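Q: Listed below, chain by chain, are the residues.
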Amino acid sequence: MTNVIEIENLNLVFSAHTPREFHALKNISMQVKEREFCILKGVSGSGKSTLLSVMGALLKPTSGKLEVFSNPVSKMPDFHASTFRREHLGFIFQNFNLFDEFTVLENVQTALVPTNTPVAQMKTRALELLSLVNLETKKNTFARNLSGGEKQRCAIARALINNPKLILADEPTANLDRKNSENVIEILTKLNQNGTTVLVATHDEIFEQMVPNLKVIHIKEGMLL
Amino acid sequence: MNFFKFASLTLIRNLSKNIVIFIFFTLFIFIASSFIFTSSSLQNSLDAELKGQPDIIIQHKKASRNHPIDNSIVDEINEIPGVEKAYERVFGYYFFDTANRYINVIGIDFLDEDQEKQIKHLYENFDLKVFMQKDNMLISSAVKKLFEQYYYDKFFNFIVEDEEPKKVYISGVFDKRVNLFLNDAVIMDIAIAKDILGYEENEASEIGIVVPNKLEIDNIVQKLLVITPTSKIITKNNMYKYSHELYDYKGGIFLSLFITSFLGFLVIFYSQASSISGPGKKQIGILRAIGWSINDIIKWKMSEAMIVSFVSFLSGILLSYFYIFLFKNNIFVSIFLGSDNVYKDISLEPFFDINSFAILFFITIVPYLASTLHPAWKSSIADPTEAVK
Ligand SMILES: Nc1ncnc2c1ncn2[C@@H]1O[C@H](COP(=O)(O)OP(=O)(O)OP(=O)(O)O)[C@@H](O)[C@H]1O
Ligand SMILES: [Mg+2]
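Protein chains in written order, with the numbering used here: chain V, 7 to 231; chain X, 178 to 566.
Be aware that a few hints might be false.
[What the hints assert, rightly or not] Computed, partial: chain X to chain V, Cβ under 10 angstroms:
#1 Met178
#2 Lys182
#3 Phe183
#4 Asn191
#5 Met416
#6 Tyr417
#7 Ser420
#8 Lys459
#9 Gln460
#10 Gly462
#11 Arg465
#12 Gly468
#13 Asp560
#14 Pro561
#15 Ala564
[As the list claims (entries may be wrong)] Taking lysine-lysine and the DSS-like style, the derived pairs with C-alpha atoms no more than 30 angstroms apart in a straight line are:
#16 Lys145(V) x Lys194(X)
#17 Lys129(V) x Lys458(X)
#18 Lys71(V) x Lys459(X)
#19 Lys343(X) x Lys81(V)
#20 Lys194(X) x Lys144(V)
#21 Lys182(X) x Lys129(V)
#22 Lys306(X) x Lys294(X)
#23 Lys39(V) x Lys196(V)
#24 Lys32(V) x Lys566(X)
#25 Lys458(X) x Lys81(V)
#26 Lys566(X) x Lys196(V)
#27 Lys321(X) x Lys221(V)
#28 Lys555(X) x Lys81(V)
#29 Lys66(V) x Lys566(X)
#30 Lys144(V) x Lys182(X)
#31 Lys306(X) x Lys47(V)
#32 Lys459(X) x Lys129(V)
Derived by calculation from the structure, the hints in this document are not laboratory data.
These numbers were taken from a predicted model, which means no experiment stands behind them.
Heads up, the beta-carbon is just placed ideally off N, CA and C, and yes, glycines get one too.
This is chain V alone, in the form it adopts within the complex (with noise of 0.2 angstroms):
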């Protein structure tokens, strides 16, 4: 199988140089395959969500060997990174991060505006997705008025609009309840099922509870245990 994440002797420093500086990832190597539903696991401040940003080309490495679908993305100017992301990675977030003033529908689109898409299509792409996350009837809902759970079903649909192969979440379930956090494990594995590779940043006990062949890595203090 081939490796969609492959990472080695990866750093990260912020604030180099300075006497803020914070090294944030050290030395990490690890690979996410094709295929796989990994969930990377640590407490606050253990540098999950960096090492997300750092994945998705948000965030640039100080040092190491970075590829994603074999492209160095770390490498790319911004231009490129922008529609590697937009193509091939979905992000979904710990507070989903709608546009709360857009109704469901235009949340889904906004990935796509970028792109030359014609609006139709646009649509129905868009439609097709609110009824994989069970959200069609909330279509011309403003996003404010989502409770919880559909926001983040809401903040999935957007996140696969361009039919990503990798899913980034970073901790998807931290402001759900019991049943929706099922609900979007559920979903998440079916993607997975699907073809689709996930990590998720969490320390939420339920993903080893629910996922059948987890892989699971454990960071501390930047890292790897």
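With chain V fixed as given, assemble chain X with the ligands onto it according to the hints.
A: Using the frame of chain V, we list chain X with the ligands on its own:
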């Protein structure tokens, strides 16, 4: 959804945040465009008025003020080849002291077949035979209003120095939409007007000369200088030039004031846009995470700026169009004409000066977009990990 649709959504759904800038921008455009509408409409009526004027005017100045001119040279001027007609013109301001207002008294020869067009059109519907039977006058509707305030609804008593008051009957009102410059006018027989203005029989305000072939004007001016070397000779071209210079001068003052205050507005706007707020940073962080590039963010922000500025631009122009042309007595007219000798009853002819608006476009929208660019870029490169915090 494209950038424009997206930008209009973010603008509309955050209306309370964007309304201030929209109002300010619209207000600026409103003021500037009211000024443009007023000045170009006035200029346009002035040009139309000048068109009906004689080609050459001879005036007698004393201490740079108009002084009655001796009309005996009219016959001599009529002899000059190329002159179609030379004639005396009589007009002047009469001070109605009870009302503290000036009235523009115009004396004309009602029997003259080739009367100046803009004057002739005022009385073409009146029966001149009846009119000439006694001391009659025609007055503008603004003057009528003024007279009625002082119970002069049938006649008016003009006070004449060392004489009995001159009683002139009001035989009609030219209430048609009149030229702005006849707004405060009364017209009457030339002899009565001379009486009222204190002229001798052989005196006139000025002498008008009609020259059909414009190429001969310079030549004729030379000959006039021989006939009456101390008089001031003004050609129609000079009048055009003078009026345009006057308006350009006022326009220039306004423009510099406008640009200064608009720049002030841009500076405030710029500093406000540069300090990106927490929610703004978050939005950008989210968009970056879901695949928007720095360029995409800038395109979005610029689309917002374009929408705001275009909509404000059009609203400002539209509002001022209504204000200037549908309501009488706007304050911009008094900026140009002064408010003392103009009756507060002026409505302007709609006139759209596309060049001025093109200039307005370039001195407002272009700098606005330029001042949006840097904050937009700055916010787009802000911490892209905002979304995962
Ligand atoms: N921009 C930054 N500059 C300096 N230090 C940072 C920056 N971003 C994160 N850190 C530090 O890096 C460490 C790891 O942060 P990170 O957000 O990755 O933790 P986390 O494992 O996601 O924690 P949580 O479970 O609370 O989300 C923290 O100590 C944090 O303070
Ligand atoms: Mg985190």
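Q: Next, verify each hint and record whether it holds.
A: Verification of the hints:
no. : hint                  : in the structure
1   : Met178                : holds (5 angstroms)
2   : Lys182                : holds (8 angstroms)
3   : Phe183                : holds (5 angstroms)
4   : Asn191                : holds (6 angstroms)
5   : Met416                : violated (59 angstroms)
6   : Tyr417                : violated (54 angstroms)
7   : Ser420                : violated (54 angstroms)
8   : Lys459                : holds (7 angstroms)
9   : Gln460                : holds (7 angstroms)
10  : Gly462                : holds (8 angstroms)
11  : Arg465                : holds (7 angstroms)
12  : Gly468                : holds (3 angstroms)
13  : Asp560                : holds (9 angstroms)
14  : Pro561                : holds (4 angstroms)
15  : Ala564                : holds (5 angstroms)
16  : Lys145(V) x Lys194(X) : holds (26 angstroms)
17  : Lys129(V) x Lys458(X) : holds (27 angstroms)
18  : Lys71(V) x Lys459(X)  : holds (29 angstroms)
19  : Lys343(X) x Lys81(V)  : violated (97 angstroms)
20  : Lys194(X) x Lys144(V) : holds (27 angstroms)
21  : Lys182(X) x Lys129(V) : holds (14 angstroms)
22  : Lys306(X) x Lys294(X) : holds (20 angstroms)
23  : Lys39(V) x Lys196(V)  : holds (17 angstroms)
24  : Lys32(V) x Lys566(X)  : holds (20 angstroms)
25  : Lys458(X) x Lys81(V)  : holds (24 angstroms)
26  : Lys566(X) x Lys196(V) : holds (27 angstroms)
27  : Lys321(X) x Lys221(V) : violated (97 angstroms)
28  : Lys555(X) x Lys81(V)  : holds (22 angstroms)
29  : Lys66(V) x Lys566(X)  : holds (17 angstroms)
30  : Lys144(V) x Lys182(X) : holds (21 angstroms)
31  : Lys306(X) x Lys47(V)  : violated (109 angstroms)
32  : Lys459(X) x Lys129(V) : holds (25 angstroms)
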